[in-house]
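Please take these sequences and the hints and turn them into a complete structure.
Number of protein chains: 2
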Amino acid sequence: MTERTLIKDLSARPDGPVTVGGWVETVRDQKKVQFVVLRDESGALQLVNPATREIDEATASDTEGAAAASAALALTESISGLSLGTFIEVAGELKHDERVKLGGLEVKVGTLDVAGVSLPEAPIAADSSLDKRLDYRWLDLRQPKNALIFRIQTTLEHAWRTWWVENGFVEIHTPKLMESPSESRAELFQLDYFELGTAYLAQSPQHFKQMAQAAGFGKVFEISPVFRADPSFTSRHATEFISVDAEISWIDSYEDVMSMQEQLLAAGFAAVKEKHGDEIRELFGIEVEVPQVPFPRLPLAEVHKVLKEARGYTVPREDGDLDPEGERQISAYVKGEFGHDFVFVTDYPTGIRPYYHMRDAETGLTKSYDLIYNGTEITTGAQREHRIDELLANAVDKGLDPAGIGEYLEFFKYGIPPHGGFGMGLARVLMLLLGEQSIRETTLLFRGPTRLAP
Amino acid sequence: MTERTLIKDLSARPDGPVTVGGWVETVRDQKKVQFVVLRDESGALQLVNPATREIDEATASDTEGAAAASAALALTESISGLSLGTFIEVAGELKHDERVKLGGLEVKVGTLDVAGVSLPEAPIAADSSLDKRLDYRWLDLRQPKNALIFRIQTTLEHAWRTWWVENGFVEIHTPKLMESPSESRAELFQLDYFELGTAYLAQSPQHFKQMAQAAGFGKVFEISPVFRADPSFTSRHATEFISVDAEISWIDSYEDVMSMQEQLLAAGFAAVKEKHGDEIRELFGIEVEVPQVPFPRLPLAEVHKVLKEARGYTVPREDGDLDPEGERQISAYVKGEFGHDFVFVTDYPTGIRPYYHMRDAETGLTKSYDLIYNGTEITTGAQREHRIDELLANAVDKGLDPAGIGEYLEFFKYGIPPHGGFGMGLARVLMLLLGEQSIRETTLLFRGPTRLAP
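Chains A and B supply the protein sequences, listed in that same order.
With numbering that gives the first Met the number 0 as the guide, the letters of the first sequence map in order to residues 0 to 453.
With numbering that gives the first Met the number 0 as the guide, the letters of the second sequence map in order to residues 0 to 453.
Hints may contain errors.
Chain copies aren't distinguished; within one or between two, either way the pair holds.
Dumping the calculated DSS-like pairs for lysine-lysine here, alpha-carbon to alpha-carbon at most 30 Å [unchecked claim]:
#	residue 1	residue 2
1	K218	K274
2	K7	K274
3	K272	K218
4	K397	K412
5	K412	K131
6	K274	K144
7	K307	K107
8	K94	K31
9	K272	K31
10	K218	K7
11	K412	K307
12	K218	K131
13	K107	K218
14	K218	K144
15	K274	K31
16	K107	K144
17	K218	K100
18	K218	K94
The set of hints was computed from the structure by calculation and includes no laboratory data.
Pasting the structure below:
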């Protein structure tokens with residue numbers, strides 16, 4: 000490996016020789032001195048080079064001096080010719096100097112090697128339209144703010160997985176190719192599959208993480224891509240996204256699922272705050288809040304009542320589900336009343352929940368919830384119906400043909416404990432954590448109805 | 000949650016009341032006493048119940064005695080009626096007793112609740128054919144040996160990710176839906192995609208993890224599904240599998256990639272040995288070997304020489320690549336000579352490597368490697384060609400139409416540092432670690448040309 004020092008580590012190093020590598024962010028090519036701002040994945044650094052524009056006659060007549068002057072001339076020309084975005088490797092002298100605004104240090108260039116040249120004209124700028132930026136996403140991701148999102152993602156996921164592993168969960172990788180659609184036939188991608196005819200891309204790992212409960216795995220998690228042939232163009236929808244999933248057995252109710260999820264979120268946010276809190280404040284202007292456990296819980300019927308009475312808002316949907324404005328309003332209410340960014344909305348009626356959500360025998364409502372964070376839904380969770388007779392009855396009640404869900408029912412026949420779980424959209428969590436306006440900003444390479452590249 | 004004690008934790012508990020939950024593995028329904036072996040995700044336990052087969056007249060005439068006897072009769076009948084595989088929850092009295100072969104303890108049943116009934120006839124047994132077992136994979140996974148594979152997988156992946164995170168890598172999630180094929184058009188799944196026409200399923204994250212180098216991410220990793228429309232029926236191939244990928248910038252050569260990969264593997268195996276070494280010895284009869292770093296390295300030309308001279312084996316392929324027998328032979332040679340389970344085979348000729356593997360200007364060979372573990376290839380890695388002119392020349396040299404790789408070349412135009420990486424098949428590593436015969440055993444739910452379910 001190149002013995003690079005990361006730019007963030009320079010401040011702790013003494014003055015002296017150092018090698019750095021990154022891309023050229025700016026060049027100030029003055030007559031007497033040249034300045035380059037070099038950026039790597041950890042920060043930005045000022046490079047400085049006293050310019051040598053010509054070799055005078057006296058120097059030229061001295062053999063040794065001429066060689067050095069020739070090298071200095073070449074270095075100066077090389078810096079003058081640097082196009083922005085070019086990757087370079089520089090060996091030079093580190094000098095701490097409080098007068099340098101950029102981190103209080105600079106590196107005087109000794110040698111400069113061009114590692115990868117950029118075309119002279121950058122096709123996008125930081126203020127280009129989102130769509131244009133996404134066309135050149137690999138350049139857009141060089142923006143420190145955008146790159147930080149994925150270091151935050153790394154920390155968040157690692158904290159979640161660590162929490163799961165320490166709590167006895169098994170990591171599973173469920174297939175994305177399925178023989179039959181998991182939920183409905185709507186919004187499914189399908190493909191030709193050998194002699195078997197058609198395969199479908201999984202819309203969620205739901206089916207398989209329940210199967211893992213029938214296998215006696217007890218507690219499982221998975222972070223994986225899922226696919227929806229969803230023609231939506233909202234800021235919250237994608238045709239491919241990363242779903243964060245967990246499923247646990249031996250629950251008494253969906254309360255156990257909510258309890259697991261809120262602990263998980265708190266552990267993840269605590270890790271993000273500790274590792275990136277300062278950078279997030281600086282680049283996003285946001286103070287990361289580690290949520291207090293337990294999160295507030297409100298039954299959906301209560302939410303409608305509160306929205307009407309406290310906020311003067313009546314949800315205009317006929318099916319009783321919340322609309323995006325309703326989500327924003329109840330979030331604002333909970334923030335005001337309880338000072339909390341999260342709220343579990345519980346006990347949805349059966350009409351707006353799938354047949355496999357367990358129903359409460361007394362109320363007739365489902366033992367399910369949505370989790371709303373900073374005004375947007377990020378999760379649906381539930382206790383599942385694990386009793387095959389009730390499951391079939393629920394399906395028939397919703398007008399489904401039992402023959403169509405035969406494969407799904409198969410693994411309920413040989414014993415399965417009570418269980419439940421949730422699915423959570425990773426890009427939504429990051430969007431809401433960082434106050435971004437679209438999951439396009441918090442997805443590495445967004446996929447939508449009109450976007451399949453880069 | 001049910002306040003279950005995991006069976007593995009019972010030995011550390013004192014005699015007294017306890018609640019356990021799991022599925023019924025065996026029932027011995029003797030006249031005077033009933034024994035049930037209960038299994039959960041952590042182990043197996045003997046339950047015992049003194050049978051009450053009838054209520055005699057004296058007891059029946061005493062009110063209090065009659066109620067207790069009636070309950071005892073019901074419990075006995077309930078145990079007699081248990082079908083294997085049924086999930087039950089049992090509250091009872093734990094008693095340590097050295098005479099009990101199964102763990103030196105048993106639980107005397109107080110109450111027994113059936114959580115999920117199984118049909119009486121199990122469709123598979125431990126000795127059913129692999130294909131039959133896969134038809135009922137959720138039951139097959141209840142076998143302790145099969146379940147252990149996925150706890151090992153959990154530990155292995157967590158150790159790898161921890162190593163990456165501690166070494167400054169960024170976790171990325173690259174899209175599986177692509178506008179154009181990443182490598183060749185062979186073995187690609189394709190699907191209809193809105194107005195854009197056709198989308199392809201990613202065969203590897205190659206394209207995107209290189210793009211992350213152009214974005215200046217420095218070091219990235221991803222563990223994710225990839226898809227190959229591969230009609231093979233070997234023990235090593237699947238149409239969907241989990242690929243373990245990493246890519247790093249600022250390398251001097253592919254040696255840096257190999258060095259990273261061997262450290263990663265050693266860290267992962269050390270974690271597996273520590274956490275599961277005893278269980279693996281017991282259930283697989285295998286002593287986990289933590290590989291010494293560095294692994295042996297042999298250029299491909301040297302491998303052919305050694306195979307011929309030391310093993311009397313000439314690879315029957317004309318293109319110079321190793322065949323499966325050649326992989327087994329060189330592995331056996333390295334094990335004999337160096338006592339090592341791994342060997343890096345390096346410096347493949349350009350004819351059997353893709354155009355984006357960097358070529359050595361002197362030898363004309365590619366700066367690439369395969370990693371062979373216990374006789375089977377698990378990885379291809381390389382330094383990539385990051386200089387666009389050379390990349391184009393390589394493509395043309397291999398007879399590719401530059402227009403067809405235009406999108407791939409796009410992100411090389413705006414600066415990209417030298418870089419390289421590898422992809423590794425997760426199920427293969429587990430198969431070879433545990434001495435299994437097929438990746439079907441080490442994949443949660445296998446996908447092949449004739450298998451899309453369950």
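To see whether the hints hold, each was checked on the structure:
In this assembly of identical chains, K218 and K274 lie within 30 Å of each other by CA distance both inside one copy and across copies; the values are 28 Å within and 18 Å between. Taking the shortest alpha-carbon separations for K7 and K274, only the intra-copy value of 14 Å comes in at or below 30 Å, while the best inter-copy value is 36 Å. Both within a single protomer and between protomers do K272 and K218 lie at most 30 Å apart by alpha-carbon distance, with minima of 27 Å and 22 Å respectively. Taking the shortest alpha-carbon separations for K397 and K412, only the intra-copy value of 21 Å comes in at or below 30 Å, while the best inter-copy value is 55 Å.
For the identical chains of this complex, K412 and K131 are inter-copy neighbours only, at 17 Å across copies versus 52 Å inside a copy, given an alpha-carbon limit of 30 Å. In the homo-oligomer, the alpha carbons of K274 and K144 lie at most 30 Å apart inside one protomer (15 Å), although the nearest pairing across protomers, at 39 Å, exceeds that limit. For the homomeric pair K307 and K107, neither the shortest alpha-carbon distance inside one copy (66 Å) nor that between copies (56 Å) is at most 30 Å. Taking identical chains as interchangeable, the C-alpha atoms of K94 and K31 lie at most 30 Å apart only when both belong to the same chain, with a minimum of 19 Å there against 88 Å between chains.
Proximity of K272 to K31 under the C-alpha cut-off of 30 Å is found in neither arrangement, the shortest distances being 44 Å within a copy and 62 Å between copies. With identical chains, the CA atoms of K218 and K7 are at most 30 Å apart between copies only, with a shortest distance of 16 Å across copies and 40 Å within one. Neither within a single protomer nor between protomers do K412 and K307 lie at most 30 Å apart by alpha-carbon distance, with minima of 45 Å and 56 Å respectively. When the C-alpha separation of K218 and K131 is checked against a cutoff of 30 Å, the pair qualifies only between copies, where the shortest distance is 26 Å, while the shortest distance within a copy is 43 Å.
Taking identical chains as interchangeable, the C-alpha atoms of K107 and K218 lie at most 30 Å apart only when they sit on different chains, with a minimum of 27 Å there against 56 Å within one chain. In this homomeric assembly, K218 and K144 come within 30 Å of each other (Cα to Cα) only across copies, at 18 Å, whereas the closest approach inside a single copy is 36 Å. Proximity of K274 and K31 under a CA criterion of 30 Å is satisfied in neither setting, with 41 Å inside one chain copy and 63 Å between copies. Within a single copy, K107 and K144 get their C-alpha atoms as close as 27 Å, which meets the 30 Å cut-off; across copies the closest is 61 Å, which misses it.
For the homomeric pair K218 and K100, the shortest alpha-carbon distance between copies (28 Å) is at most 30 Å, but the shortest distance inside one copy (52 Å) is not. Only between protomers do K218 and K94 lie at most 30 Å apart by alpha-carbon distance; the minimum there is 27 Å, versus 54 Å within a single protomer.
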